[in-house]
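Student: Sequence lines, in order, name chains H and L. If you read the first sequence in this note's numbering, its first letter stands for residue 17, the second for the next number, and so on. If you read the second sequence in this note's numbering, its first letter stands for residue 50, the second for the next number, and so on.
Warning: the hint list may mix true and false statements.
[What the hints assert, rightly or not] Straight line, CA to CA, 20 Å or less: simulated SDA-like cross-link-like pairs of lysine to any residue: (1) H:K29 - H:L104; (2) L:K101 - H:E118; (3) L:K52 - L:H89; (4) L:K118 - L:C61; (5) H:K29 - H:F112; (6) L:K52 - L:Q91; (7) L:K101 - H:F61; (8) L:K52 - H:L57; (9) L:K52 - H:N95; (10) H:K29 - H:G74; (11) L:K52 - H:F61; (12) L:K52 - H:Q60; (13) L:K52 - H:G74; (14) L:K118 - L:K160.
It is worth saying that the hints were derived from the structure and are not from the lab. Note that the coordinates shown come from a computational prediction; the quantities given were computed from them, not determined experimentally.
This is what each chain is made of:
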Amino acid sequence: EAGVTQSPTHLIKTRGQQATLRCSPISGHTSVYWYQQALGLGLQFLLWYDEGEERNRGNFPPRFSGRQFPNYSSELNVNALELEDSALYLCASSPFGVAGRETQYFGPGTRLLVL
Amino acid sequence: DAKTTQPPSMDCAEGRAANLPCNHSTISGNEYVYWYRQIHSQGPQYIIHGLKNNETNEMASLIITEDRKSSTLILPHATLRDTAVYYCIVRVASYAGNMLTFGGGTRLMVKP
Numbered sequence: 017e018a019g020v021t022q023s024p025t026h027l028i029k030t031r032g033q034q035a036t037l038r039c040s041p042i043s044g045h046t047s048v049y050w051y052q053q054a055l056g057l058g059l060q061f062l063l064w065y066d067e068g069e070e071r072n073r074g075n076f077p078p079r080f081s082g083r084q085f086p087n088y089s090s091e092l093n094v095n096a097l098e099l100e101d102s103a104l105y106l107c108a109s110s111p112f113g114v115a116g117r118e119t120q121y122f123g124p125g126t127r128l129l130v131l
Numbered sequence: 050d051a052k053t054t055q056p057p058s059m060d061c062a063e064g065r066a067a068n069l070p071c072n073h074s075t076i077s078g079n080e081y082v083y084w085y086r087q088i089h090s091q092g093p094q095y096i097i098h099g100l101k102n103n104e105t106n107e108m109a110s111l112i113i114t115e116d117r118k119s120s121t122l123i124l125p126h127a128t129l130r131d132t133a134v135y136y137c138i139v140r141v142a143s144y145a146g147n148m149l150t151f152g153g154g155t156r157l158m159v160k161p
């Protein structure tokens, strides 16, 4: 069974540009979660999508946005990039259900560097 | 969510069992205990989870105390590839989402 995939693996942008990160969930999973992990910091929740809808978002500015497609894959868009956006961006998928009982499986991440 | 406390680092000899403790003294009855690990700069890997009973899978065993205030993750025969940061998380069952928050974790170093 294929795991969660993310692309690209690395992305280099300059301040003010936009970045688009992509995620394909495990087959059969409808929920996609996005997280940011800055160097030396813990995991910070960004966005949760399920069945094409944004279900919840973390404490991040509106320039962090995304969407989920009919095939449950997802995009994370970061507009007006700032230096502090440099981080590892992780996508995780799970079946939808009572949270806490549904395990999230992570992809390998996209490392974004903003210069 | 209940807060968890883990030792910042541990060493283990290759081939021996690695026992990683986690305290979650404020855990409530409907909160699950999850364990993930993260090898440097890679995505976190799910290991195991449980509610009340001890659990075992192909990777590890999870021992939860009867009062559920602490748990231990056991890697029965640690290898060098088990060197990673291990995170213990407690999560409440909820339809509001399953957002994970990783704390400091335990950095396990498996030595030859």
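Student: The structure should be examined with respect to each hint, and the outcome stated for every one.
Tutor: Consistency of the hints with the structure:
1. Straight-line distance between C-alpha atoms of K29 of chain H and L104 of chain H comes to about 14 Å, which keeps the hinted pair within the 20 Å bound.
2. A distance of roughly 16 Å separates the Cα atoms of K101 of chain L and E118 of chain H; the hinted pair therefore holds under the 20 Å criterion.
3. Only pairs whose Cα atoms come within 20 Å are accepted, and K52 of chain L paired with H89 of chain L is rejected, the gap being roughly 24 Å.
4. Annotation: proposed proximity of K118 of chain L to C61 of chain L is violated, straight-line Cα distance about 24 Å (limit 20 Å).
5. A distance of roughly 34 Å separates the Cα atoms of K29 of chain H and F112 of chain H; the hinted pair therefore is violated under the 20 Å criterion.
6. Taken as a hint, the K52 of chain L and Q91 of chain L pair is broken in the structure, with Cα atoms around 24 Å apart against an allowance of 20 Å.
7. Annotation: proposed proximity of K101 of chain L to F61 of chain H is violated, straight-line Cα distance about 27 Å (limit 20 Å).
8. A hinted pair counts as satisfied when its Cα atoms are at most 20 Å apart, and K52 of chain L with L57 of chain H qualifies at roughly 17 Å.
9. Using a Cα cut-off of 20 Å, the hinted pair K52 of chain L and N95 of chain H is violated, with the two alpha carbons roughly 33 Å apart.
10. For the proposed pair K29 of chain H and G74 of chain H, the alpha carbon gap of about 23 Å is over 20 Å, so the pair is violated.
11. A threshold of 20 Å between alpha carbons decides the hint, and for K52 of chain L with F61 of chain H the separation of about 17 Å falls inside it, so the pair holds.
12. About 16 Å separates the Cα atoms of K52 of chain L and Q60 of chain H, which keeps this hinted pair within 20 Å; it holds.
13. Straight-line distance between C-alpha atoms of K52 of chain L and G74 of chain H comes to about 19 Å, which keeps the hinted pair within the 20 Å bound.
14. Taking the CA atoms of K118 of chain L and K160 of chain L, the gap is about 30 Å. The hint is violated against a cut of 20 Å.
In terms of the numbered hints stated before, the structure departs from hints 3, 4, 5, 6, 7, 9, 10 and 14, listed from lowest to highest.
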